[in-house]
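Modelling step: build the complete structure from the supplied sequences, incorporating the hints.
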Amino acid sequence: MVVFVILAVLAIAGAIGTISFKSGIYSALSLVGTLLTLAMMYVTLHAQFLASVQVMVYAGAIMVLFLFVIMLLNESQMSGADPLPWVQPVAIAGGIVLAAALAFTAFQFKAPKNLETATAALQGGTPGAIGETLFTKFLLPFEAVSILLLIAAIGAVSLVHRQPAHNEALETTSEHATDNAYSDETSSNPAKVVA
Amino acid sequence: MDFNHNLFALMPVLPLLGWLVLIVWGKNMKEPTPGILASSLVFLSFVLAVVGFVQVSPMKEPLLNTLRWDFLPMWVSDAKGVLVSKPLQFGFALDHLSSIMTLIITGIGFLIHVFAIGYMHGDKGFSRFFAYLNFFIAMMLILVLADSYPVLFIGWEGVGVASYLLIGFWYTDVKNSDAARKAFIVNRIGDAFLMLGMFLLFMTFHTLNIHEINSSFGSVVIPNVTTISTGIAFGSPPLELAALFLLLGAAGKSAQLPLSTWLPDAMAGPTPVSALIHAATMVTAGVYLVARSHGIFANAPGASSWVMWIGALTAVYGALSAIAQTDIKKILAYSTVSQLGYMFIAVGSGAYWVGIFHVATHAFFKALLFLSSGSVIHAVGGEQDVRQMGGLREKLPTTHIVSLIGTLAIAGIIPLAGFFSKDAILSSVFTSPFGGDFSGYAIWAIGLIVAFLTAGYMWRWYSLVFLGTYRGHAHPHESSSVMTVPLWILAALSVVGGFIGLPHFLGKNVNWLEGFLEEAAPNALGFHEIPLWGELILIALALAAAVGGILFSRWIIARDGVNSAGWIATRFGNASRKALFVDQTYDIAVSAPAKFISEQLELADTHGLDRGIGALANGTAEAGASLSVWQSGFVRAYAIAVLLGTAILVGYLALRSFA
Amino acid sequence: MVETQYYIALAAILFSIGAVGFLTRRSAIQMFLCVELMLNAANLALVAFSRAWGDLLAQSAVFIILTLAAAEVAIGLGIIVAIFKKRPTTNVDVLSSLKG
Amino acid sequence: MIHLIIFIPLLFALIGLFLRGQARASISIFAALASFALTAVVWIAKIDTVYRTPWIPGAGIFYSVTFDGPSLLLALVATLMTSITLIYFSNRKDSQQAEGMYPLALAMLTGLLGIFAARDLILFYVFFEATLVPSLFMLGLYGRKNRVRALTKMALYTIFGGLLMLVSIIATKLYSNSPSFDFLELFGRTSQLDLETQTWLFLGFVAAFAVKLPLFPLHNWLPDFHAENHSSGVADVMGTLYKVGGYGLFRFALPLFPAAAQNLQWVFMFLAAFTALYGAWIAFSSKDFKRLLAYAGLSHMGLVALGMFSLNPIGMAGALFLLAFQGVYSSALFLIVGMLEERLNKDVQNEKTTSQALEIGHVRGLAASAPAFAGVALVLWFASIGVPGLAGFIGEFSVFLGAYQANPWATALAVSTVIASAAFALTAYQRTWLEETTTTIPELNARDWFVLVPILAVTVFFGVFSGSALKLLEPSVQAVAGLLGGK
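Protein chains in written order, with our numbering: chain F, 51 to 245; chain S, -6 to 652; chain C, 101 to 200; chain G, 13 to 499.
Heads up, a few of these hints could be off.
On the chain F side, residues computed to face chain C include the following (Cβ under 7 Å) [unchecked claim]:
#: 1; residue: G67
#: 2; residue: I69
#: 3; residue: L148
#: 4; residue: A206
Because the hints were derived from the structure by calculation, they are not lab data.
We treat Cβ as the ideally placed atom computed from N, Cα and C, and that holds for glycine.
As structure tokens, then:
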């Protein structure tokens, strides 16, 4: 029970840090901290393989990507006044109400079985057990996810792909051309359009 | 299709063919050929009419044509209340009454066609005129030969259309077109009432076939005894109302009092038109309708007395307005209105044969008078004002003689047709079952006064046109033979015409017409007998009225001189010329407000309702706009909404489970 | 053994912190971080329930979610970079051309 | 066979889109004539098989179509008039600028034929709304100055009415828990419903049909629709054919809810009679010809509604007859106004700017220079005011005869329209054709005669030999009247 409390406090501290730090890097790093605490929690919840995956994939890969992008853009601090000043207090109030309500309903939850017998079936969340369920019950989602990753990769590439120099001109003109061509079409004589 | 049944049905087809031919190829026909073609076709119809007359006179039952087809949808519930479809057949029927009418129509029609060839000489629309005349004859024949009310209605409105076309023949003049339009609309008012009458008849008798309705009354009707198989008692309310509707319809067509303003304006048409349509045939359609539905009127005492009273009032109104007219044709027009009043008195009194008798004789002498005034107008180069005429006795000898015969005939002088028919009318109203205790004699008295007035204004018409010295500045010449021959024939008919309906005191069955119409238009029951000396007195009084009228008129003209400045200028003279201001009152009371309401409705509809709908539309538009402010474009604003939404929802769920 | 309710309560708290963070921060990337935080809170709850029901299904579901999160981050950052090319700012409020 | 008739026009409309000029004109005319010929074959061969296949089986919606009596008559008139109008339109000089009219008119023809053939309520609703779209396009693309206002007004009225009908269609199916929307299945069940629900469902249907008829309060879109339309009159003709409210009442609303119909009979009869009189009375003082003809049409539709709500077999047969043949002569009057405008060489280029259609009294005494034209116009005007011997009379007389049995007072009010219509028709005719000549116009040429002769032939033939058309209407009117227990 003590372990849980420590981890819980650490996680909440990390979360608050993510949202309160002004600069992007510090908030990203505090998020990494939170993720690691969660990984440890997974271990206490008999999900060792998941904990390791969390550490490797999430904390490792994704957060690195985040830091990389933050560095790349190194956007300056938020300048200018906040156009929606009233958002801050309302958000906090909303968050508190939401947390309280959710926590409250959480405590209504009656455990279907006592924990000991339940955890026995988990075999400690070892990769073997996870792998077995993944490749039997979750076969279709597993395959679908692989395709999803492929699409994500292509998407990311096409989004930020910078055209080579020479068709810079083409791109701008063509874009311009299509715009006003469409505009003349409609305004002059709708009849022509239908006929 | 056997021949002798359908021959008579050919009568309307011939003139219709003539109309079609003249309309399509009339343009490239030289001057007289359209006239000759039209007249010959009408003559052929006349021959058919004579053949039909010979064929049908021995028969008791009407002769039905066999070539029929479905015309109107009609459902009747049979005994068990099951709706069975029995569409109304388009078919004709010839019986004694309609054969007489066909003779009059085609006979007089033919004479007027011949006269018109001369009269319309040199007119640009020569072929168009004869096309319309033929169309009119065809429609009038359909009206007379119809065997059911809707088919009669085809002829009824058809002649309305023909009179619209002919009155407005010289359409380039606004006055003529307006007169034509007015005639058609007033006729349409009458037609509307006639339609209502037909619907009520269908509601009570479940059939619109004329002979079925008439026969359903049974020939012998004893007053206030239910004898009608359809359970319609003598004088029961639906019957009275239907008869009233028919009366109003007839009044519309025969220019009786409530709807009489269109006939004088109809004089805007060429004179042969006035002679044929507005004297001899069309205007008598109303009388024919009442005579044809004798079953209904014989069993509707209230309505019949209404018919008599309307006839009497119109007769007086017509006579009074005819006295001071200055236009040669207007005098005759008001005289026609008055004579039609006489005919309504006759058919109202229940003696339907007398009505038809007067229709026949009136057709002769009124057509004669109109045609002679036509030849006078033709002679003096289109001048129609009586005050510019006079002294035409020497210059137009034949027209003068025939006009004299016509004037004496209409006045009712002893040997001529007018005397016999007018006397028959007066005696029939005197002894009419519908006369009640007082109105019969009152109407008789009015009739006598009108006889006096008729003689008066006709003599004024005759003397202003033919006696004294010629006041006009044209050089009148006698009309060509093509115009005078019909005049002579009509004059002969006016003289001989009276002998088909001799009065009773000369012998029991000497009156041919009454016997002939015994089945087709039987008299209503309950005419009281008057002794022989009573009849003689009535005849003497009638004759005295006629002669008195002529003498009085001669005395007035001698006193005030031919252009009779004297009493014409008085208030009475002015009122008479303006036809007792009936026309003006109608304009003020009916057409002006109707036009005003129509304009207001139009404004209200185009703008009023529009703005209302417009307001509704803008209302919704504004509501939409006010909502769009919320779309501020700030992502975070949307996120807040999502957050608050979930917070509230989860909070509610938590509380619910708790409470 | 710690009861499942506590884990769920913790997940709820983390989730609402993430939500608040998403709303207060004005930089696109930081908002994205908060989204990741909320996602992980959900994962935590899933794993807690997996233990409660003794069923590995939930854990494998979390496994799938992880890969999903990875894809999402890739695309999300791609978009942020693409927008950055157009207008050199990641301030969300400035990017409000889609107005009502 | 029936689908050929319904969908040929649409098919050729699409083909026509790819063609230009004379090719498109001839293709469109061929399509209209083809569907007319096929309909005539169906009439002669008396094919009245009901063709029924599931369309959306889940929701119980079937594609069931058939051409029985009244729908066949209306379909014949619709196809005939469309082909005549397209032939007329190809003769006009300005048909190059408004070439879109051909496909739009054909699309509308398909919609109309669909309306007449549909037996399934949802299919009927689909065609009912689908026909609106091309008519809005015609108004929007080729209308006059403030055509957009007229367009939105018409669209709002029709769609609002249509939605109410859709609600009651669905409610009918639910309440009567019949397996499908097919009329024959609903037909037996709905009459058992209690009066209260029947009335609400009935009102839903009547709302849509009252807009389409139109009846008094919902008629406001009609004058603007006709006044703002293209001067050639093609859109007006299609608009006149699209007045299917009366048919809808007869086919769906009355037989499905007999008790409600009888209960509300006197309300709608007075409303219909008032509409007839109101239309005729306003027509008397309308300023321009298109608006005058719109109000005349409104008056005719008032009479059709009177006939339908009389629930009397004669009245209903008369209403259907009037509905069918007013499509012939009223549209012909629109064409004549179109010819007049073309002859008075209203320059078509600034079509969009001329706010006014041809004013009455603007030109006078045209008969002097074009007597034949004046004659044809007079015959059509007489047909429109119901002079016997022409097709208008049969319909009007039977409507009045039937309605009088049901409600004499409403009919008396309606009969006065006979007088009002004579007044406005002759005044308008006189103002333009008679009186002293102000302008001369060229006489009708061979092409105009080619368009007008069939119309005149139909008007005169069915005015006298109306038996064949009545035979068509008899069976279904007998069935519906039997159900309604018409007096």
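Here is how each hint holds up against the structure:
{"no.": "1", "hint": "G67", "in the structure": "violated, 10 Å"}
{"no.": "2", "hint": "I69", "in the structure": "holds, 3 Å"}
{"no.": "3", "hint": "L148", "in the structure": "holds, 5 Å"}
{"no.": "4", "hint": "A206", "in the structure": "holds, 4 Å"}
Violated hints amount to a single one, hint 1; each of the other numbered hints is respected by the structure.
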